[in-house]
Structure formats: C-alpha cells, structure tokens
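There are 2 protein chains.
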Amino acid sequence: QDLAVTAAKNAKVLLDNDKVRVIELQMAPGGKTGMHSHGDHVVYFVTGGEATQNNADGTSTKRQPKPGEVMWSGPVTHDTHNTGKAMVKAVIVELKAPASPP
Amino acid sequence: QDLAVTAAKNAKVLLDNDKVRVIELQMAPGGKTGMHSHGDHVVYFVTGGEATQNNADGTSTKRQPKPGEVMWSGPVTHDTHNTGKAMVKAVIVELKAPASPP
Numbered sequence: 001q002d003l004a005v006t007a008a009k010n011a012k013v014l015l016d017n018d019k020v021r022v023i024e025l026q027m028a029p030g031g032k033t034g035m036h037s038h039g040d041h042v043v044y045f046v047t048g049g050e051a052t053q054n055n056a057d058g059t060s061t062k063r064q065p066k067p068g069e070v071m072w073s074g075p076v077t078h079d080t081h082n083t084g085k086a087m088v089k090a091v092i093v094e095l096k097a098p099a100s101p102p
Numbered sequence: 001q002d003l004a005v006t007a008a009k010n011a012k013v014l015l016d017n018d019k020v021r022v023i024e025l026q027m028a029p030g031g032k033t034g035m036h037s038h039g040d041h042v043v044y045f046v047t048g049g050e051a052t053q054n055n056a057d058g059t060s061t062k063r064q065p066k067p068g069e070v071m072w073s074g075p076v077t078h079d080t081h082n083t084g085k086a087m088v089k090a091v092i093v094e095l096k097a098p099a100s101p102p
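Respectively, the protein sequence lines represent chains A and B. For the first sequence, the tail end lands on 102 under my numbering, and the numbers increase by one without skipping. For the second sequence, the tail end lands on 102 under my numbering, and the numbers increase by one without skipping.
No wet-lab data here; the hints were simulated from the structure. Be careful, since some hints might not be right.
Because identical chains cannot be distinguished in the list, a pair is counted as satisfied if it fits within a single copy or across any two copies.
What the hints assert, rightly or not - List of simulated lysine-lysine pairs, PhoX-like, C-alpha gap at most 20 Å:
(1) Lys-62 <-> Lys-12
(2) Lys-85 <-> Lys-32
(3) Lys-62 <-> Lys-32
(4) Lys-19 <-> Lys-96
(5) Lys-89 <-> Lys-66
(6) Lys-66 <-> Lys-85
(7) Lys-89 <-> Lys-62
Pulled out of the complex, with its shape left as it was, chain A reads as follows:
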C-alpha cells in the first residue's frame, strides 16, 4: 500500500522522479496513516512529537523524535499513529531501486 494513498489528505507528494519520491506527512494528534510500505527511505522530522508505529509483524515501535532529527530505514510495512499531543510533520525521501540495465 502506498502512503500517499492510505494517508490521503495527510500526505502530499512534493517530488517524484526516477530516483526518489519525497512525501510531506502532517498528522494531527490521533491521526493514522493506515498500513503502508516503503523501500529504503530517510525521514526528516520537521517537528518533534510522538508516533507509534504498528508493524506488519505485530510488533509496535514508539518514537519521540526531536525537531530536525533524521532517521534511515530499510524496507518496512507499518501503520503510523500520532499518539502525541501536537501536530507531527515529517518529510520522507523514498529511494527508488536503480533501473535494471536494459
């Protein structure tokens, strides 16, 4: 599932080319992205806050990023909830696999 689809109005695709896709995610407290998948990606937290990610394998991960923090992740499937008291704003840079040579 694609974050830009599952998170609908909370996600805005800022840039999409053959090498990267950049999504701005903004979620009010209580907001949920819906279960979605990423390949390799970088997350830059514009705001701090608290988010709980329910992973596809049933585990969950609580994050309390500070503003300006950066996170790397390999491929993952999760549903991200804003379990904090403030709007969370993050920018996700998804790397696209290099096109296989012809």
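Take the given structure of chain A and dock chain B to it, following the hints.
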C-alpha cells in the same frame, strides 16, 4: 570539494550510510558555503529565504525558496551565498551511487 568541509560550521552531517548522506546547512545572511560538489541530491528548504549560487561554469543562479519547498538536482559544482536578510536552513539528501557488483 565536500560541502561538509567547505561550509565547516554551517554544515552538519546528520546521517551517512552506504546509500545516502544527509547534511543540514544553516547560513546567516552573507554566509557562503565555498565551492563544493554534489552527486544526485534532494534539497528540502526548512526555511525560505534567498540564495545565489555561483556555478563552476561561471553562471550564477538566484533562488528564492519558500519554507517546505523541495528541489532535485543532478551532479553539480557551485558556491552558495545567502544573499537574503534571514538565516537559511536546508536539509540536503545526497544519493550515493549504488556499489558496483563485485
């Protein structure tokens, strides 16, 4: 030349792995990065502002990004000056060429 070296105290490497390097650049008005090169990279402008880039080929490019704007660029060599009146803060995600197969 490496931005993290030429821009010294104005540039902070936030993350560096085999696939990406993330640099936070903060420059006061009048600040300069020094001539440096990037490969493929994404720029996320945390603040808006005005910057003039003197390119290696002698041309120069004036940019007036808005906060939250994203820009893609292929390989480039330039010297970026903050020619505006406010601090400019940007996050640069540099893509590393995939390791050639053994």
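Cross-check of the supplied hints:
no. : hint              : in the structure
1   : Lys-62 <-> Lys-12 : neither (24 Å within a copy, 26 Å between copies)
2   : Lys-85 <-> Lys-32 : within (14 Å within a copy, 39 Å between copies)
3   : Lys-62 <-> Lys-32 : within (14 Å within a copy, 39 Å between copies)
4   : Lys-19 <-> Lys-96 : both (5 Å within a copy, 11 Å between copies)
5   : Lys-89 <-> Lys-66 : both (11 Å within a copy, 16 Å between copies)
6   : Lys-66 <-> Lys-85 : within (14 Å within a copy, 27 Å between copies)
7   : Lys-89 <-> Lys-62 : within (16 Å within a copy, 28 Å between copies)
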